[in-house]
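**Student:** Residue-level listing of the chains:
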Amino acid sequence: MNFTFRRKRISGILVVMPANERCFDEEMKNFNFPPARSLKLKEVMGFDKRRIVTPGVCVSDLSVFGLQKLFERGWLRREDIDALLLVTQTPDHFMPATSCLVHGRLGLKHDVLCLDINQGCAGFVIGLMQAFMLLEQEAVKKAVLINADVLSRKASPKDRNIYPLIGDAASITVLERDTQDSVIYGNVKADGSRAEALIIPAGALRLPSTPETAVLEDVGDRNLRAKDHVFMDGSAIFNFVQTEIPPLIESLLKQAGVSVDSVDYFLCHQPNRFMLEKLADKMKVPYAKMPNNVVEHFGNNGSVTIPTLIAFNLGERLLKESLHVCLAGFGGGLAWSSLLLKLGNMEFNSIVEYK
Amino acid sequence: MDKVEFCQKLAEILDIEEVKLEDVLNEFEQWDSLAVLSALAMADAKYGVTIRADEIRSVVTAGDLANLVEEKQKQLALKP
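Residue numbers (my numbering), protein chains in the order written: chain A, 11 to 365; chain B, 823 to 902.
Since the hints were made in silico from the structure, they are not lab data.
All C-beta atoms in this analysis are idealised placements derived from N, C-alpha and C, irrespective of residue type, glycine included.
Do not take every clue at face value.
Counterexamples of contact, computed for chain B against chain A with all Cβ distances above 12 Å [stated by the list, open to error]:
(1) N848
(2) W853
(3) T883
(4) G885
(5) K896
(6) A899
Computed from the model, here is a short list of chain A residues facing chain B with C-beta under 7 Å [to be verified]:
(7) N197
(8) Q252
(9) K288
With a straight-line cut-off of 35 Å between C-alpha atoms, the simulated DSBU-like cross-links for lysine-lysine are [as the list claims (entries may be wrong)]:
(10) A:K299 with A:K50
(11) A:K237 with B:K842
(12) A:K264 with B:K896
(13) A:K39 with B:K901
(14) A:K164 with A:K152
(15) A:K59 with B:K868
(16) A:K199 with B:K842
(17) B:K896 with A:K292
(18) A:K79 with A:K292
(19) A:K152 with A:K330
(20) A:K119 with B:K868
(21) A:K288 with B:K868
(22) A:K119 with A:K164
(23) A:K39 with B:K831
(24) B:K901 with A:K119
(25) B:K901 with A:K292
(26) A:K294 with A:K50
(27) B:K896 with B:K868
(28) A:K299 with B:K868
(29) B:K842 with A:K264
(30) B:K901 with A:K264
(31) B:K896 with A:K168
(32) B:K901 with A:K52
(33) B:K831 with A:K168
(34) B:K842 with A:K299
(35) A:K199 with B:K901
The whole structure should be built from the sequences, with the hints applied where relevant.
**Tutor:** Structure below.
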């Protein structure tokens, strides 16, 4: 499904990164694999350092911290938030919405729409689209999009499939109307028949958590995980990305009538270096145009990878200039989505540490 | 398909000297999720076929995997 948005812009991104750093070389001792194979995995996937929260830290903690920084630095006024969207799959509670908890803790105005969106790695792009749609309303002058997850809390430390790649983080993106007559192109797709490729089987109402769902099991691949833990079918996700993302982006560029060469950067979700290199190969895009260095520094932090990529690699640059970028998110659901826009002349674009 | 070359590619993925067509994949200590993923990527990049995770788990020997890739290539060639 294709979308177009007119006169909208991203005015700033602030990423909130936990100060707590983990290192693959230390953690590989926990896995039931020969060290040589784990080192090979590190080399191929680009695993090295990652950031995760300390015990007990929740999505609303990272989000409130980030918004307070924006208020302190004068980058956002609390009374200007007309919509507060929060994309997460690791909410503080089933109910109420974590966006409402953030709203309450900051004492924000009542004239506001608070909305949680349950999306994973496609959640930055899908969240932006929701915010652009809200900005069609005259009453909404600024929309704030929070992407935040603490998925490390749901990953088994003995599951080499997922534990060494997971990162935690939050990002706050401020969106507003553009005074220039700009056009943003987008598209979105979903396939719920492949929902089980990325799932936390237990802990909600279909399969409530019990002592049994907390038992670690080896399902035959030397990894130990419980039903309370996040499960990822790595091979299915690899095929999904290789099969669905090149045509998604191709169709977006066609819709916009532009060529691959005219795009400055393809800023994709960051599952790991391996998958991004294979994606770039398939799309015949040079690696320099599709940066893949988030996992090695911060881990895969779900819907926060694209803002992390932007702030980490293009932080200063996008304050002064504007680039033609394609964003692509893909993950749990399954859901996949892309956007083509001019990104730049931002008021802020940086990373702060959460301690 | 050049099966000698296919076996060489598999040997590179497994980080070993040699793979023979009759070798049972599960008997290699190195045949882990990374090796499976690398084999899927090799089938895609070199032979232009997509192998599903359940298909690769159902093959026994290196030769079976080569046959699966070859079969997929034939199906692809038959498509209009």
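**Student:** Are any of the numbered hints broken by this structure? If so, which, sorted upward?
**Tutor:** Violated hints: 1, 2, 7, 11, 13, 16, 18, 20, 24, 29, 31, 32 and 34; rest satisfied.
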